[in-house]
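Colleague: Sequence order for the protein chains is A and B.
The first sequence runs 1 to 430 under this note's numbering.
The second sequence runs 431 to 699 under this note's numbering.
These are calculated hints, taken from the structure and not from any lab test.
Bear in mind the structure is a predicted one, so any value in this text is a computation, not a measurement.
Beta carbons: idealized from backbone N, C-alpha and C, even for Gly.
Check the hints yourself; a few may be wrong.
To be verified - A short list of chain B residues far from chain A (calculated; beta carbon distances all over 10 Å):
| no. | residue |
| --- | --- |
| 1 | VAL564 |
| 2 | GLU574 |
| 3 | GLU635 |
| 4 | ALA671 |
As the list claims (entries may be wrong) - Here are some chain A residues pointing at chain B (derived, C-beta under 8 Å):
| no. | residue |
| --- | --- |
| 5 | ILE119 |
| 6 | TYR138 |
| 7 | ASN143 |
| 8 | PRO144 |
| 9 | THR146 |
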Amino acid sequence: MKISWFHLMPYRWLPADFRERYHSVWVDVPNQLYDPVRGHELYNEYLDMLEYADEVGFDAIGVNEHHQNAYGMMPSPNLMAAALARRAQHAMLLVLGNSIALYNPPVRVAEEMAMLDVISGGRLIAGFPVGTSMDINYCYGQNPVTVRDKYREGNDLIIKAWTATEPFPFNGKYTKLRYVNIWPRPIQQPHPPVWVPGLGSIETWDWCVDHGYNYSYLSFSGYKRAQKMMDGYWERRSARGVEANPYSAAFFQQVCISDTDAACEREWWPHVDYFFNKCLHLYPGMSEAPGYRSEASLRAGVVAQVGNTTGNMGMNKSWKELVEQRYIVAGSPATVRQQLEELARALRTGHLLLGLHIGSAPRELTQRSTYLCASDVLPHLRPIWNEYEDHWWPKALPAARRVQPRRTDASQANDERRTTNDAPRAGARP
Amino acid sequence: MSAPRTRLLALGDGRPTIEVLEAGDGPPLLFLHGAGGVPAWVGALPLLAEHFRVIAPLLPGFGQSTGLEFLEDQLDLVLHQFDVLEALELQRPYVVGESMGGWIAAEMAALRPRDIGRLALLAPIGLWRDEHPVADIFGMTTPEMVPLLFHDLQSPAAQEMLSLGALLSDKDDRSEAQIETLIGMARGMRTVAKFLFPLPETGLERRLWRIHAPTLLLWGAEDRLVAPIYGELFREKIRGARLSVVPAAAHLLALEQPAAVARAVTEFR
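With the rest of the complex left out, here is chain A (with noise of 0.2 Å):
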């Protein structure tokens, strides 16, 4: 199997009374509480802890995309993909993903993640999630009742896009091109895999199986809870005489490792609690504008036929409750070694995505957790599931013919000349 490294990217410095304070950490969470120095320090920090894991081998690093959220600041993913494309040299980039409706024309996805995949050397994941009504509506005003249509129209336009090689015409019912030529186009043929995040909904399972993408699962609540949406999934699969090999799946988990179980708790449950407790802390009156799911998935939702998984992320748990029910998979490397097995097993995933940084975790005990898991868990895990081929997975060029990021002549002069001396910084321009 394949393990990225996916980053939420959490604003560290929410009051301590955030929860009595104010109404959600979403939308109209005030942009006040948002320190833009104190920023600047967290994206670095963050970007360093993914060039990190790249370092130490994890297959792919990954990013996502939400809007006016404290505990996620990447309303831009391509960004951060792109400030990543150079120093990380191996892992995929896993940008999971553009919410395709929201970008008017649609192009401009498959222009932006042609970019990505052609300064990467073909390492792109695209995803295409829906994205949240949160995101999608409440933040980007998209119609709730339209928006899978206008996402579905986005697709089709994005994928041909990517794969004509002439000039053509797009007459869609949001969008209308005369002339569709992108420049660049993608390094992978006929397109990067896509990867569609989705948190079950009937219709996303069947779109996934018709359109051969690979469906992830991404949740909170860990993976015992996850069990029946996967089941769904898979079952949903079968039912359409499509093969279930496990890497058509991909599943979210949050993960800490430290030492020992008792040094786990003692490290993490700090920022795990500042996660569950002030991160996941939204307000109901926003969670779903009318008309976001149909009312094939709400009437399933209503009477939790799959298993509603909304009213329990993980709020008011203490860190045993969250470790035995499996919101999150903390311990030992032991420990992790063995539940991220049962995992992979009982989801039938392929493709883990693990959240190796919570809530408010500092860069070192990040660090440490992520050193673990590359060294001690990840070689036990990578045979799970070796007999099926996995087709979701990016086709880069080979590492000797992917072009090396090189210090311009100036900034080794710089290097040098601090070395010996302290003279000023040459210009950086000759």
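Following the hints, put chain B in place on chain A, whose structure we already have.
Modeller: Chain B only, in chain A's frame:
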């Protein structure tokens, strides 16, 4: 007060099929409902039916009406109401609309001024001023919405709405009938959102000058959903319009002050 007659009206292939509620005799009065539909024949409706033949067609998504997918945009919606009017063989009727229905009624009267006889708009939405944002009915919980809709929170109507809100829970402890009620509410709100998300302003203001019909505006003095200042705005923009502010009523004034509303609508000439 007797229950209204109900029937289904099929408008034809590729068009909605709608449920029409009807009660009373006399001159026709077309009633266009708001975002809550017509869950019960209460408030001003039975009082109006003492003077008029009250005809209340339900929009697709409300009651047994279906076919929202055939109405793509606002123009489709307004033309649909004219299709209904023609199918009902109503000529230049008195159109009474509350909240969202008031907006649709105003759009109808602006689009085809000669085809609407008289207008009574009960706290219509459709205009926007940044200083007085219309409350976001798509982004609040039921307990938060009730005080915007009702002046008297102890009234049976307010209490009933609060009890509906209590049906929303994470637990599987609701009866089949309660689940159907919830799904029905969600279906109706889906229709509302299709035309009015994210905020209820779609250019009506620049069309209001086209309205010829004599127009009565009624507003609850305590309306916190759409502030009474909007009543003044409508009055200024519609030629000859009359505004009457109803005391001790919030947004759902036809439920809170049925007698005053019915009398004003009946006496308006």
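Colleague: Broken hints, numbered, in rising order?
Modeller: 2 and 5
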